[in-house]
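Q: Listed below are the residues making up each chain.
2 protein chains.
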Amino acid sequence: MSPSKTLWESTDRTLKEKEAGSPHKEKHAAHGELVRDAIIGFADGLTVPFALTAGLSSLGSAKLVILGGLAELFAGSLSMGLGAYLAAVTEAKHYEVEELRERAEVKEKPLAEEDEVYEIFEQYGIERAQSKGVVEGLKANEDMWVRFMMDFELKLEKPRTKMAWIEGIVMAVTYFFGGLLPMIPYFAFKNVTHALFTSIGITALILVVFGYVKALVTGCRHIDAVWSAVQTLLVGAVAAGASYGIVRGVNSAENVTAMTG
Amino acid sequence: MSPSKTLWESTDRTLKEKEAGSPHKEKHAAHGELVRDAIIGFADGLTVPFALTAGLSSLGSAKLVILGGLAELFAGSLSMGLGAYLAAVTEAKHYEVEELRERAEVKEKPLAEEDEVYEIFEQYGIERAQSKGVVEGLKANEDMWVRFMMDFELKLEKPRTKMAWIEGIVMAVTYFFGGLLPMIPYFAFKNVTHALFTSIGITALILVVFGYVKALVTGCRHIDAVWSAVQTLLVGAVAAGASYGIVRGVNSAENVTAMTG
Numbered sequence: 000m001s002p003s004k005t006l007w008e009s010t011d012r013t014l015k016e017k018e019a020g021s022p023h024k025e026k027h028a029a030h031g032e033l034v035r036d037a038i039i040g041f042a043d044g045l046t047v048p049f050a051l052t053a054g055l056s057s058l059g060s061a062k063l064v065i066l067g068g069l070a071e072l073f074a075g076s077l078s079m080g081l082g083a084y085l086a087a088v089t090e091a092k093h094y095e096v097e098e099l100r101e102r103a104e105v106k107e108k109p110l111a112e113e114d115e116v117y118e119i120f121e122q123y124g125i126e127r128a129q130s131k132g133v134v135e136g137l138k139a140n141e142d143m144w145v146r147f148m149m150d151f152e153l154k155l156e157k158p159r160t161k162m163a164w165i166e167g168i169v170m171a172v173t174y175f176f177g178g179l180l181p182m183i184p185y186f187a188f189k190n191v192t193h194a195l196f197t198s199i200g201i202t203a204l205i206l207v208v209f210g211y212v213k214a215l216v217t218g219c220r221h222i223d224a225v226w227s228a229v230q231t232l233l234v235g236a237v238a239a240g241a242s243y244g245i246v247r248g249v250n251s252a253e254n255v256t257a258m259t260g
Numbered sequence: 000m001s002p003s004k005t006l007w008e009s010t011d012r013t014l015k016e017k018e019a020g021s022p023h024k025e026k027h028a029a030h031g032e033l034v035r036d037a038i039i040g041f042a043d044g045l046t047v048p049f050a051l052t053a054g055l056s057s058l059g060s061a062k063l064v065i066l067g068g069l070a071e072l073f074a075g076s077l078s079m080g081l082g083a084y085l086a087a088v089t090e091a092k093h094y095e096v097e098e099l100r101e102r103a104e105v106k107e108k109p110l111a112e113e114d115e116v117y118e119i120f121e122q123y124g125i126e127r128a129q130s131k132g133v134v135e136g137l138k139a140n141e142d143m144w145v146r147f148m149m150d151f152e153l154k155l156e157k158p159r160t161k162m163a164w165i166e167g168i169v170m171a172v173t174y175f176f177g178g179l180l181p182m183i184p185y186f187a188f189k190n191v192t193h194a195l196f197t198s199i200g201i202t203a204l205i206l207v208v209f210g211y212v213k214a215l216v217t218g219c220r221h222i223d224a225v226w227s228a229v230q231t232l233l234v235g236a237v238a239a240g241a242s243y244g245i246v247r248g249v250n251s252a253e254n255v256t257a258m259t260g
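Going down the list, the sequences are from chains E and W.
Okay, so the first sequence: first residue is 0 according to numbering that gives the first Met the number 0, each after it adds one.
Okay, so the second sequence: first residue is 0 according to numbering that gives the first Met the number 0, each after it adds one.
Do not rely on the hints blindly, as some may be mistaken.
Since the list gives no way to pick one copy over another, a pair counts as held whenever it fits inside one copy or between any two copies.
Below, simulated DMTMM-like cross-link-like pairs (lysine to aspartate or glutamate); rule was C-alpha separation at most 25 Å, straight line [claimed, not checked]: (1) 189 with 97; (2) 154 with 115; (3) 189 with 156; (4) 62 with 135; (5) 189 with 223; (6) 157 with 126; (7) 62 with 104; (8) 62 with 118; (9) 157 with 223; (10) 154 with 223; (11) 131 with 142; (12) 62 with 141; (13) 62 with 223; (14) 157 with 107; (15) 189 with 98.
The set of hints was computed from the structure by calculation and includes no laboratory data.
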C-alpha cells in the first residue's frame, strides 16, 4: 500500500537526516505527521474519485463517468501534489522566520530566554536548582540554545525542504493511482450498472485492506485495525452514497437529455 | 478566509487546553501543523471543484458541470472531513500506544531511559554533569518523566481527541463552501463559456487573496506573501488546465452525443 510505503520511506529519510536518536525513536517521531498525511492523501485519492464516479454513474453513461473521473483525477492529484509541496515550502519558511526571531531573542534578551528555559522544565516539576546546569550549558553555545528553543519551546521540527518536491510527487502519484482503480470497471464494461457494482467491490476491498494495514502500521492491535478498516470503508460508502444521491436527485429534477445537448 | 480563521480558532483552543506556556509560545506551536492542514484542506476545496468544473465545461453543458461539481463537492467534503476525523482519532490511538510503551520502559528499564534523557541533552552539547539535576528531577516523578519522554524523545504532541469531530466538521465545511464558490457562475449563466470565465475570475481572485493572507498568517513578509499568492494561483491554473485539456481531448476523440446517450 502506497501510504504505508510512504510512511516507511519517510521514516528512513528521517533516520538518515537526523543525526541523533536510535531508529526506534525516530520511527516514532516520523509517524505522527506522516500517518496523518498518508491517511488523508490516500483516503482522498481512493474515496473522492470513487464517490464522484459512483455519483455520475447515475446518469447512465460510462463515458460521462470516465470524463468526470479523469477530470477529477488530474485536478485532484495536481492540486494535492502541488498543495503538499507548497505546504512543505511554507512550513520551511515559517520555521526560518521563527528561528531568526528566536535567535534575536537569545541575543537581545538572554535573561528572558533563560527564564523561558527554566519555565519549560518547571512544566515537568523540575526546580530551577535542578535545571540550572542545563541552562548554563545552553548559555555557553548560542546555536545549541536556539536549537533547543526551537525544539522544546516552539516544538517546531526543522523541515526537510529538499523533501518538498518528493512529498508533492508522492502525494500526486498516490492520489492518481488510488483514484484510477475505482474507474477501471467503467473502462471495461459498457453497462454502467455492472461497472458501478464492480467499482464498489474493488474500492471496498482496497479500503478495507488499506484501513487494516494503516492501523497496523500506526501500531494498533489487530482488533483496532479491523475497526479502522470498517471506518475507512464507511467513509467511502457515505461519500459515494451522498454523491450518488445528489446527482440522481438533481438529475431526476431536470431532464437528463435536455442537459446533455 | 476560513483557513486563517481555523488557524486562529485552533490556536485559541491550544491556548485554552495547554496548561503551560505563554500565548506567543503556544501560537507558534499550534501553527506548524495547522498551517499545513489549512493550506491543503482549503486549497483542495477551492482548486479541485474549480478545476473539475472547468474541465467538464468543455462538454458545453452547464447542467453537466453542475452535476459533476455537486458530485465532487459532496464526495470531497465528506471524505475530507471524515478523513480528517479518522486521522485525528488514529493519531490519538497512536499516542496512547506509545505512551503505554514509554511508561513500561520507564518502569522496567529505568537505567536505559535515564541514559536516553542524558542523550537528549547531549544533542545540545550539554554534558551529563550539567543535565544530572534534570534527570534526578524526572526520576522523582514517573508521570512527569513519561510526559518528558513523549515530548522530548518521541516529540509526539498529546492529541486533543475531543477536537477530532470539530476538526472534521471544519474541514468538511471549509471544503464544501470553498468548492461552491467556483460553481456559482454555472448556476447563474446559461452560456457555459461565460460561466467558465466568470468562474476563473472568481477563483483566481480568491486564490490570490487566500495565498496572500495565508502567507501573512504564517509570519512571512509581504513580498513572500505576494509570491505565495502567485504560487497558489498557479496551482489552480495548472490543475484546471490539465483537467480541461484531458476532458476536451478524450471528448473530441469520442463523439460527445454518442457518450451522453
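Q: Any hints from earlier that this structure breaks? Give me their numbers in increasing order, please.
A: 1, 3, 4, 5, 7, 8, 12, 13, 15
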